[in-house]
Every structure is written in structure tokens, then in C-alpha cells.
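Enquirer: Listed below are the residues making up each chain.
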Amino acid sequence: MSEAAAPPRYAVADRAPRRWSEAALRWETILVVLLALTVAGNTALSPYFLDLGNLLDATFNFSEKAMIALGVALLIVVRDIDLSVAAIVALVSLAMGLTAEAGAGAWALLAVALGVGGACGAVNGALTTALGLPAIVVTIGTMSLFRGVAQVALGDQALTKYPDALLAVGQGYVGYNVPWSFATFLVLALVIGFGLHMTTLGRRIFAIGANPVAARFSGVPVARIRFGLFVLSGLLSGLAAWFLTGRIGSTRPNIAMGWELEAVTVAILGGISIAGGAGTIAGVVLAVFVLGLTTFGLSLMNVPGIVINVLLGGLLIVALAAPILARRWLERRR
Amino acid sequence: MRREIWLAAIVLALVVGVGLRAPAFVTPSSLLGVLSDTSFLFMLALAEMAVLLTRGIDLSIAANLALTGMVAALVNRAAPGVPIAVVLGLAVGFGAGLGAFNAALIAGLGIPPIVVTLGTLAIYRGLIFVIAHGAWLTSKDMSPAFLAVPKAEFLGLSSLVWIAAGVSLAFWVYLNHTSAGRALYAVGGNPVAARYCGVDLARQQGVVYTLSGAVAGLCGYLWVSRYGIAYSDIAIGYELTVVAACVIGGVSIAGGVGTVPGALLGALFLGIVVNALPVIDVSPFWQMAISGAVILAAVIVNSRSEKSAGKLILPEARRAAGSV
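Respectively, the protein sequence lines represent chains L and E.
Each residue of the first sequence is one higher than the one before, counting from 21 in the numbering used here.
Each residue of the second sequence is one higher than the one before, counting from 4 in the numbering used here.
It is worth saying that the hints were derived from the structure and are not from the lab.
There could be a bad hint or two in this list.
[What the hints assert, rightly or not] Partial pick of chain L residues on the chain E-facing surface, computed with a CB cut under 10 Å:
1) 130
2) 156
3) 170
4) 173
5) 176
6) 337
Glycine included, every Cβ here is placed at the ideal spot set by N, Cα and C.
Full structure from sequences and hints, please.
Expert: The structure is reproduced here in C-alpha cells:
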């Protein structure tokens, strides 16, 4: 009965061993295949598709939405959702338009955009965390409220007096033909991806999504983190509004109409589980490219936008249904 | 029942308040007009409520309405001689088919309802454009019989109100007096306990999404024939108004809570706000902001009342137990 040198009964590895079969069945792998198919299909169909300048210009159309989707994705990870993001864009754009008429410059407008966006996010966060209300209902309500305020203030008018510096950011390039909005999105994706996958805060976010009660009992400040993510979502919407307003140079009440559903679609297609606690930023970025390039390719072929929506809706459903059907088929064969 | 009484009092106060500013609003003919206008919201809110009871959501309900309306209009244009009863039946059946597609994905494959109906929302909307080749169908493309149904009146009430009343009665009987209806409350209140009692979630989901589709189909025909126009944007965004009516009516998004009178009053509240704003010289642009504020107020009130109401499931049984 010597006490020393007894080998441990169980060896607990830090992580499960990596297997090729698992890597092949990962959602991100499916997205990479989808992306490759999109690029190959579009290249075969249109000679204008595979052109670096064209592709970079195409990013103008989805970079703002993609920024918003990052914030929505994080909220879905913690089992919340933000349907008011597009309405925040409208309200922020209104605030920008009013301050621009008072003579504010592009950077002052950025401060306004982030301030108003963050405040809207804080309203959502306070209602969901302090009052314990379901996020989906709260943000349906604030969606109406925020866009409603913009509608009351604007009526059927449009605000168009924006400084040239703002238009230069919204429509301009950094370095070799890379739009500012796209570059910003990439940096944001890297920062948020790092934060979610490589920091304690990120692990806590997943813990909340997997089991909020257990996370709370483990000392995770659940309410504070959820509140912070709502504010982040508001800030990202504000930033997107800054770029969007600069790109189109005007504010109308229907600006960014329907973008909340597109942001949710991107997040879900990106593999963020609607039940919370699972997903990667890499997946979301891949989904942004799949959806963005599909849309670009189809519009090159003069397919109307609403028909593109049919295909994107179908893509969302097929992407979710196919793995389930495949798994069932495999199980039946066994 | 208490919160429905409160809600009814608020609706009444709203009518009286508007009436003081604009007496023309409270004349019987004006109020009946409001009722006719709100008929769609009554029916759709009830259908949505059945879905919400099971902890689901149907975001495709307005897109289904618009697509079915277009199909009905196309059928009517292609064959004006087909009796309206057949068109109506076709619309209900087609809508139910679209709903069954949702049901197959949700109940059959287990994909979350919000994801499925978000996808089918885009698909159904886009299909309107595809099947009509982007065209708008106006009342000129519709037969007189097709357009006559919503204009018909019986005992001073428009047919829309009668149909909405019939649908409401059917929902009331279904949800309160059939075991199939009570099963919806069971799966929403506690899916695990419901499963142990032999109530299957997938089966209930199959029923409610198909039902929601059928009601959307019915409303689709009625909407197109009432407004005399069918194109890809009719009732756009209306799914959120429908959900809002439910929330205002005290239906819980978390499932298992909601009553027919509540949903009807929630819809009536929104209907009155929409119709009253122009009458009292408030810009219609206020409508969206007001409904947003009301939704937030309603959900705050709901969360307070749900806390106490959730425990008192069988007051009679408790009283009986207490008296022993």
C-alpha cells in the first residue's frame, strides 16, 4: 500500500482529440464548400464575376449588414436576439442628419452615431436584463418605437445635407480598392472573433448561452454581459448607419428596412445556434460571403432582388434541413 | 379574465377619448368601419396565438396571406367563371399547404420555428413576384363576384366582420372546449410534462402551423378582394403587427398563456389606434411609434401578471382542497 507513484486512474485531456471526420462535418466546412460552389457557379455563369475590383466593389452592398450581423450573432449565442437593429440604423441616421444640418463634421457624426446607437442598445439591454422581459418581444417593440420616431421626425422628407468627408468614407477606398466599410468589417470580425473564442469573456458568453442559470451560479455576471452585448449590438448598428448614410448620402424613414431579418439569416446560416451556446465568428463571416457573393452574382445576371430573396430563403432552409436529412438517412442505413 | 377586463376598459377609454376630440369617430357606421378594417388582424392574431401557445412563432403569416391572395387573383383572372366558393376553398387549402410546409420543417425535421418561418417569409414573398412575373393585379383583373364578397352585408355588418366572428368562435371552442385545443396549452406550459401525459409536441406543431396557414390563406383572398389589388408588397411587415396584437392581448411569447378575448382585444386596440389617428389630426406617421410604445408597455404589464397567474392553474380545485 505505497502511496507514491500510483498512476492516475483516468487521464483527462484538455480537449477531445482532433479527428478529420469531425473537421469534415463541421458547419464551417459546409460553408466553405458552399462558398466554393458559389464562386465556381458564378464564375461559370458570368465573365464579370471573378474580377478583384468587381468583387471588392460588391462588398459595399453587404459590409454594413455584416457589421450588424456580428452583434446579432453574439446576442443569439446568449439566447437573446435583437430585431431592432435596422430601426436603430434609421434612428441613428436621423440623428446624424439633424446634427449634419447643424454643421457637424464626419467625425462628430461618428460620435453621434455611436452615442445614439449605444443608447438604443442600452434601452434594449435594460428592458431585457433589468426587467427580465423576453428579448424578441422587447426588440419588436423598440423596432416599432425607434423607426416610428424616425418616421414622425422625417415624415415623407429626406435629409441630404451631409459633409463631403462623410460621403468620402461611405463611398471611398482604403489602400488598393478596399472599401472603408469592408475593411472595418474585417477588423471588427477579427476583434470580435478573438474576444469570443480566445478570452475568458468569450467563454463566459458561451456559458450563458449553454445554461444561463448554471453560468450565474458559477459567478458569471450574466445580466451585465447580456446588457453589454445589447449595447454592442447598438454600437455596431450605429457604426453601420454611419457608413450607410455616407454611402447613400441621404436619410429616409425606410432606410435599412428589413435588415434585421437579413442579419438574423446571416447569423443562423453562419451556424450560430438559435438555442444559444454554439457558433463561431468564422462561420458568420463565411455566411456573409456566401450570401453577399450569391446576391452579387445573381444581380450580375439581372435577377430581380425579390427573386434573390427566394433563393436566399431557400438556401437558409436547405442548409439547415440537409444535414438533418443526411444524418437520418445514414442512421437508417446502419 | 381580469386582464381582459382591464384591456377592454382601456380600449373603451381610448374610444371615448377619441370621441371627445372627434365625435364623428364614435358614430355606429364609423365604428363598424373600424371593425371591418380590423377583421384581418382579429383572425390572424388568433392563428398566431395558437402558434405562440406552443412556444413557436409564425413570421411567414403575412407573406402567406400575400402569396395566397395573388394565387386567388390569378385563378380568378384565368377562369372568372369559377364559383367564388371554390376560389375561397382553394385559398384556404393553398394557405394551409404553405402552412403545412412550415409544419413539415418544424415538426418533421425539428428546425426552430423562427428560423423556418423567416426563410419561408422570404420564399413566399418572392414567389408572388415569380408567379405573377412582377405584375400588379388590380380590381380590373378581378371578376365582380370576386370583389363582391367583402362588400356584402348581413344585419348591418360587413361579411368580413361575420367571417372574423365565425373564426373567433371556432377558435374559442377549439382552444377552450376540445382536448386538442387544451393540448396546445399543455405543450406550451410544460413540454416535458405534456410528453409524459401523451401529448406530442410535433403533432401539435403540425396542427397549429397548418391552421395558421389556412387562416392566412382565407385572409389572403379577403384582403385582395377588399382592397382590389394583389402584388408582392401587400401586408408587408404585417406579421409583426400580428405578433404585436397578441402581445398586447396578453399572449405570452414563452408559450402556454393566451386567451381568445385577449388576442381579439389586442387586435382591436391596434385597429382603433390606426383608424383614430387621422381622425384626431395626428399624423399617421405616429402610428408606428405608438404601437412600439404600447407593445413595450404591454409586455412589462404581462411580465408582472404572469408571475402570479402562472401558479394558479386550477382555482376550483384549490378552493375545494382548502375547504376540506
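Enquirer: For each hint, tell me whether it holds in the structure or not.
Expert: Now for the hints, and whether the structure bears them out:
no.: 1; hint: 130; verdict: violated (26 Å)
no.: 2; hint: 156; verdict: holds (6 Å)
no.: 3; hint: 170; verdict: holds (9 Å)
no.: 4; hint: 173; verdict: holds (9 Å)
no.: 5; hint: 176; verdict: holds (8 Å)
no.: 6; hint: 337; verdict: holds (4 Å)
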